[in-house]
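Asker: Chains as they are written, first to last, in my numbering: chain F, 72 to 234; chain X, 1123 to 1381.
Simulated from the structure, these hints should not be mistaken for laboratory data.
All residues carry an ideal CB built from backbone N, CA and C; glycine is no exception.
Be aware that a few hints might be false.
What the hints assert, rightly or not - For each label pair, taking beta carbons as the anchor points, the in silico distance ranges come out as:
(1) 116(F) <-> 1143(X): 54 to 62 Å
(2) 1341(X) <-> 196(F): 33 to 41 Å
(3) 1349(X) <-> 194(F): 40 to 48 Å
(4) 1371(X) <-> 115(F): 40 to 48 Å
(5) 1276(X) <-> 190(F): 16 to 24 Å
(6) 178(F) <-> 1219(X): 17 to 25 Å
(7) 118(F) <-> 1375(X): 16 to 24 Å
(8) 1322(X) <-> 121(F): 30 to 38 Å
(9) 1375(X) <-> 208(F): 38 to 46 Å
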Amino acid sequence: MIDRLFRKEYRPLCIYALHYLGDTSDSEDVVSDAFGKLWDKISSEGTPANPRAWLYTCVRNACVDILRERGHETLLPSDLEGRISDEEAIDRSAIEARLWTAIERMPEKRRQIFLMAKRDGMSYDEIAAELGISANTVRNHVENAFTSLRESRKEILNFVFFF
Amino acid sequence: MEKRLLDFVSRHYKAGIFNPAEALQAFRRSHGYNPWRRISWGIAAVAAALITGVFLFDGWKNSWTEYVADAALTEVVLPDGSIAKLGPGASLRLQKHRNSRAVQSKGRIWFEVRKDSLAPFTVDMDGRAAITVLGTKFLADAGDETRVDLFEGRVLFCGAGEESGIILTAGQAAHIEGGAPVYDDAFSADTELWRSGRFHFDGTALEEVLAKLESFYGESLSCADAKDRSLSGRFKAGRLDDLIAAIEEALDVKIEKGE
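Next up, chain F with everything else stripped away, as it sits in the complex (with noise of 0.2 Å):
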């Protein structure tokens, strides 16, 4: 049951910390922790009625206790355009796991010009430039991206999403 709990939860919980504790590897840190703990309990108590519920409070409460040793005023979980509610991590954690599988997935050329134009926000030219291709393959290979993370979406939840 641990073993599937891992497959299925780890990557949406590391995700759900991340936006707590804003750093990857304290997130993997707090996760880890989490599942030595309810491996803990299972082993005492036997196992909690919904070891996913019970594995996602251990972390809040865990990531709650680092912000406020660390003397945040705010101890909600946030993106990059500011505070969410904790329902709110929640529900995209798992989302967000989704997406970044696909990112994952991708063929190493195309992840390597999305993530230059999403996430260090070079635009084509500049990517083109830097790896000696035309600004025509890089708009490809963004696009195909694009496309690639829209079906990973789709196969979640059935309906299309726009940029």
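Fit chain X to the given chain F structure using the hints.
Answerer: The following block gives chain X in isolation, referenced to the frame of chain F:
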């Protein structure tokens, strides 16, 4: 809305992290082999390889469970939910079927004790002193010295076999001198290090960095060109060799272990 999700993901995306298969393997390594299934390693991936052993002794009711940290800071969740972070070389013993809130310590251990007003938590510091607490965070050093640095809460600190001793409050420290506890002038534990499990350097002179590592790992270090060099960043308190390699690479210096 959708754009915000993708922005967030692509900003933080790094190859190879948040990997469930890898995390599961690390988890199995640290949990799978232990028949009691009670030990949770906080820093699982790092700790797994570095723990020399968890020894379970025979005799059910009187059996001792021992946690030993080898070369790295090792986090353990105790049966009552309290957390112990064992410094390199430290060890902790308890009889979980008798009283899991009575532990014996050797070396430097940071405790985050879960509150339980009905059951005090006691630390027998290698037979040299005893600490009694309800719920608190503190560093118990039963290594070369016998001392306590109290970060949060209140503790009773007694010499070996004594019923009464001195009470410490948050921010105070004490050590054993001639078998009796005495207050220290200052709290000296690096709380940031013990709580986060990471060294935090911010433009810290390399000489000072090495001094910190020496005191934490109990090894002597030297660097011929340490002068005028400084280090910034957060480093996991894992194996000393890994830390040295990271610093050597970051600063392009050579650090020697031993005299």
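Asker: Now look at each hint and say whether the structure bears it out.
Answerer: Evaluated hints:
no.	hint	in the structure
1	116(F) <-> 1143(X): 54 to 62 Å	28 Å, violated
2	1341(X) <-> 196(F): 33 to 41 Å	53 Å, violated
3	1349(X) <-> 194(F): 40 to 48 Å	45 Å, holds
4	1371(X) <-> 115(F): 40 to 48 Å	43 Å, holds
5	1276(X) <-> 190(F): 16 to 24 Å	49 Å, violated
6	178(F) <-> 1219(X): 17 to 25 Å	56 Å, violated
7	118(F) <-> 1375(X): 16 to 24 Å	51 Å, violated
8	1322(X) <-> 121(F): 30 to 38 Å	37 Å, holds
9	1375(X) <-> 208(F): 38 to 46 Å	43 Å, holds
In summary, the structure is inconsistent with hints 1, 2, 5, 6, 7 from the numbered list given earlier, while agreeing with the others.
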